[in-house]
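Asker: Residue-level listing of the chains:
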Amino acid sequence: MEKTITNGKDKVKSPSRINTRQIGNMAPYIGLILVIIIFGVLTEGRLLTVANLKAMSNDAVTTGIVTIGAVFVFGAGYFDISLGGSIGFAAVLGGLAAISTGSLLVAFVVILVVSIVLAVLKGLVAAYIKVPYFIFTIVLASVFSSTVLVILGNESSIFLKNAVKEIPSFNFTQMSIINTVTLFGFFIFGLILFNYTTLGIKVKMMGGNPRAAVQSGIDTKKTTMKLFLVSALGVALAAFIILIRTRSVGGTTAGSMGNDVMVALVVGGMPLSGGPRSKISPGIVGAATVTILNSGLAIMGLTTGEIQICRGLVFIAVVLVSSLSYRGKLLPR
Amino acid sequence: MKKKLIAMLVCIGLVASLFAGCKSSSDGGQSGNTEPTKGASQDAAEPTDEAQGETPAIALDGTWPEEHVKIAVECFDTTDEGFLALQSYLDYLTDYYNISFIYSESIASAEDELSFIDSSAAAGCKALIAYYNVTKEEAVKACIENGMYYWSADAGLAEAFKDNEYYLGGYSFLKAGDDSSHNGDYLGGYQMGYSLANQGAKHILYCNGGVSLGIQMFIDRQQGFFDGVAAAQAEGSTAVFDQKADVIGGWPGTDAFAAAQTAALDKDYDAIGVSFSAAVWFQPIATVGKTGQIKLATIGGVTDTFYDAFQTGQMACAVYDCEEVVFGNSIVTILNAVTGNIDIARDNGVPAAIYVNRWTVADADSFTAIYNYHDEGKYFVTAEDMTQCFPAFNPEASYQTVYDLYSALDLETALAKIK
Amino acid sequence: MSRKITKISKNIIFSLAIPAVTYVFFRVLCEATGHPGFGVGSDLQTIIYTSVYSGLIALAMFLNLTSGRLDFSIGSTLVLATILGGNIAKELRCSGIVFLLITLAIGALIGLVSGLVYVILGLPPMVVSLGLAMIYEAIGFIFNKAKGVKLIGKSDLLIYARAPENIILIIIVLAILVFLMEYTRFGYNRNALVSGQKIAVDVGINEKKNAVLCYVLAGAMLGIAGCVYLSKYGMMTPETGLSSSSYFMSAFLPIFIAGAIGRYSSAPIAVFIGAVTQAFLTSGFARMGMSNSAQAIVNNIIVLAFLIYSSNSYIFLEQRMFKEKLEAAKAARMKRQAK
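Just so you know, the sequences run in chain order A, B and C.
With the numbering used here applied, the first sequence corresponds to residues 1 to 333, in that order.
With the numbering used here applied, the second sequence corresponds to residues 1001 to 1419, in that order.
With the numbering used here applied, the third sequence corresponds to residues 2001 to 2339, in that order.
Think of the hints as simulated: they come from the structure by calculation, not from any bench.
Just so you know, these numbers come straight off a predicted model, no measurement behind them.
The C-beta atom is built at its ideal place from N, Cα and C for all residues, glycine as well.
Hints should not be assumed to be uniformly reliable.
[To be verified] Straight-line distance between alpha carbons at most 27 Å, and here's what the computed DSSO-like set of lysine-lysine pairs gives:
#, chain 1, residue 1, chain 2, residue 2
1, B, Lys-1378, A, Lys-54
2, B, Lys-1290, C, Lys-2198
3, C, Lys-2325, B, Lys-1267
4, A, Lys-130, C, Lys-2154
5, C, Lys-2090, B, Lys-1070
6, A, Lys-130, A, Lys-54
7, C, Lys-2325, B, Lys-1378
8, A, Lys-165, B, Lys-1162
9, C, Lys-2090, A, Lys-130
10, A, Lys-161, B, Lys-1162
11, A, Lys-130, C, Lys-2145
12, B, Lys-1378, C, Lys-2147
13, C, Lys-2090, B, Lys-1290
14, A, Lys-204, C, Lys-2145
15, C, Lys-2010, C, Lys-2090
[Stated by the list, open to error] Some chain B residues near chain A, calculated using beta-carbon distances under 7 Å:
#, residue
16, Ser-1109
17, Ala-1110
18, Ser-1119
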């Protein structure tokens, strides 16, 4: 409940400001429900069949996991758009490991190690080198995808079916269970880390006011490294799941993840510049909204042009409502 | 805040349960955005066995098959002319048959492909036309798990899935007895290379497009091109072609491609094989004043883009996959499978491999004739032609009927049809 | 007077140092590795075309990026303006100049829409531009049923891919931009906003108007770039799936080179010099037969190097200042002790 501070005169916060902020905070949830209702109706219920829910879990899980990890990085003010490139890079090396050893465990270890190495690299640059971070990550993403193509050489994709030993595959239902368990497991991990440890508070401070963060005793360099390691865990899980689901890796793997994560964060109500309004919920809410939107549009059988216009308009609309809670005098940058 | 969250969750639960009760599979009364335009009611016009001649009188007005059939079509590039031409043909068919189509967006990655298959299944699609395939077997498995038929022309897949009822096979550029290790892209590249080298080219250049991006179809086309030129050279062609020095890559629009293209035009090439649209070469050739001195070959369509180039002689050949011949037989195979006539869709239990001809259009007259024919809204395989392949219209229909209909349509036969 | 001449000469030398070194480097390297012909003849024509085309995109990006606005819709604006402008010019059967003006105007109009959406909605520019990119791509796709624009063979329209027309074009564009950014209120206000947003707004600068004008100007640049592209290839097809968002990749290196030599020349000219350098790089790599992936990696490493340098070059300045101050303080102490 809002406390009103009185100093002799009755000063009450104007109702409209309370409503705007509350609406802004609820906007991602409202957006999610609206998307479910509207597309549920437009697709005549096909959106929410058990089969499609399972299918959407496949799409939501990778975006969701990476987004949960990205909250830590974006929250501290580091704009990392190279997540797709990192996933592709890790997945390729993991795939090669899987094919040469026939073991998914080896593949997972390789993916994890590669993700951590990339995270350390990005963390070191973020912590120690002064550079506009978003441009750095945009260029880094391009370096990753080019390197993947060089590694793949003349092959467009590598396939797990060519492994030295047969690698088990998972059917639709098994995949859905793996997806759901991993997503919610990582979400709970992220939730605890963000809301119940000091890491979350540090993230918000670093994103909100880096100088104040330093002055209040936060070791920003150490914290930055920790954040990128959390994000690396998300990258590793996503890369592994993509590998076992599609059983192939190519130059285009996770190509659009950078944009998808940004869209999920924004639609989930998190400011891209981070700060005190960062929260962990966009990982689930944003990813779910985007997945349901994409699924609904695909089921409706619209043309490419119509789908893109819908997507663009819904995106702007949801972001607009979410941002009602933090409008300032200056134009955002 | 907690209360609001609980309220929200309850809302979601209510809404979900509302829709979970809805039908989960497509029903006959589909009122999507592809209503048959000429049809009366959606309810079946039962084939009336009136004793009025041999064939049952089913009207070709969008009421057959009785149960509406939704078909998904997966593509790599929604702006590709070949794909757009196919879309026009498929949309033409929706006026005559009770079918509709869901087209994918431009599929780039494996995840997008599997996601599209899942969405199509949720939308009630009964089959997938794989105009493109990234994940190879996983895509087929995904269709099978979703209970969708899979149609494509990948010989490698046929081997793995030949016993599965949902794998339909597709077309083939090879007749029985031919080497089956090569796919359509390879053969297209082969025809391009062979044709250029055979038409008297002295120094050939190959523009390989997406090879450096790791896109399989371009890799296959390049290999086919190399082998085609080699084959022509073995038969006596004096064309000069070095597989390293006479190949440029890059994607049009990038600075790297502009640089490579200009460097190439500086040399003495008189023939260029282009694995994607040759149209990006016309203007640069004109700018350096070499129009008429360089011939182009491409895998492409009979469309506006090449119309002028053929008239002026700039195009040496276009390897054309006529959409109604090469891809149109998918509709026959799919509809037979869906209406319980899978034996017509199979060659004695083996998935379909309908031999179709690729048309190597190498002169302006042929090009113009085909172009005008399509421009007038006519097709080489009309909806009426197709009816002979369906038992509901023709009780004598068999796999051989389908095979004969499509395999007969080579370039000469098609041109004869026009006259 | 002589000091001024010295200063101007110094500025010119330092501004042109990077492209000159790059040119010489590649000339020598190409000759040495048996790939002659770099930077002369038709290769020079390509370099000029690439410089102009990439330079215009870099200028469009520069106008917003330096104000902290990363614009994902650059590619989709260019494609849409070109498709619309090209088709209109085809219908009107007009001259090359009119074609340029039409496409420029359409580009400016699209930029105006982008700018207005940004200032009215007040959302982060990255977010707005992402949404708008989807919509612009869709419009370009739906218009003309995905056929895009085809002007092959219309040589009276397609005059901007060859010298001297494209050189004249870029000189005029640069002259107008230099004038706008250094001698008009718009330019002063823009610089003020770049340096200190809050102070500038508090002092009374209309930030929204300035932002919209930046977007309009950027849109115009992209329209012109589209004309140059069409003049080269004669056709353009629409993009979908946010594939147009990679257009800005070619804009980074020129902008960061401009950041490095910003002390020595006016910003638009510095950006163009950066574009020329990038064109040398691309042509040089193409001559040497480097694969596209390898080119991309090397290019990006160079971009990163310039990025790190331009973000941290003030450290060298600080160190020099510190050193000078230390020397002065030591000298003063010596003097005091000597007394």
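Asker: Verify the proposed pairing of Lys-130/A with Lys-2145/C, using a straight-line Cα cut of 27 Å.
Answerer: Judged against 27 Å, a Cα distance of about 47 Å means the pair is violated.
Asker: Could you grab the alpha-carbon distance between Lys-204/A and Lys-2145/C and see if it respects the 27 Å cut-off?
Answerer: Since the Cα atoms of Lys-204/A and Lys-2145/C sit roughly 48 Å apart, the hinted pair is violated (cutoff 27 Å).
Asker: Are the Cα atoms of Lys-1290/B and Lys-2198/C separated by 27 Å or less?
Answerer: 58 Å, violated
Asker: Starting from Lys-165/A, check that the Cα of Lys-1162/B is at most 27 Å away, please.
Answerer: 23 Å, holds
Asker: Take a quick look at whether Lys-2010/C and Lys-2090/C sit within 27 Å of each other, Cα to Cα.
Answerer: 48 Å, violated
Asker: Mind checking the alpha carbons of Lys-1378/B and Lys-2147/C for me, to see if they're no more than 27 Å apart?
Answerer: 21 Å, holds
Asker: Tell me if Ser-1109/B is really an interface residue toward chain A, meaning its C-beta lies closer than 7 Å to one of theirs.
Answerer: Holds, because the Cβ-Cβ distance from Ser-1109/B to chain A comes to roughly 4 Å (cut-off 7 Å).
Asker: For the pair we were handed, Lys-130/A and Lys-2154/C, check the Cα-Cα distance against 27 Å.
Answerer: 50 Å, violated
Asker: Next pair to validate is Lys-2325/C with Lys-1378/B; report whether the Cα-Cα distance is within 27 Å.
Answerer: Distance ~86 Å between Lys-2325/C and Lys-1378/B Cα, so the pair is violated.
Asker: What's the verdict on Lys-130/A and Lys-54/A, does the C-alpha distance respect the 27 Å limit or exceed it?
Answerer: 44 Å, violated
Asker: Holds or violated: are the alpha carbons of Lys-1378/B and Lys-54/A at most 27 Å from each other?
Answerer: Violated: Lys-1378/B and Lys-54/A sit about 43 Å apart, past 27 Å.
Asker: Is Lys-2090/C close enough to Lys-130/A, meaning Cα to Cα at most 27 Å?
Answerer: With a Cα-Cα distance of about 50 Å, the restraint between Lys-2090/C and Lys-130/A is violated, given a limit of 27 Å.
The structure does not agree with the numbered hints 1, 2, 3, 4, 5, 6, 7, 9, 11, 14, 15 stated previously, though it agrees with the rest.
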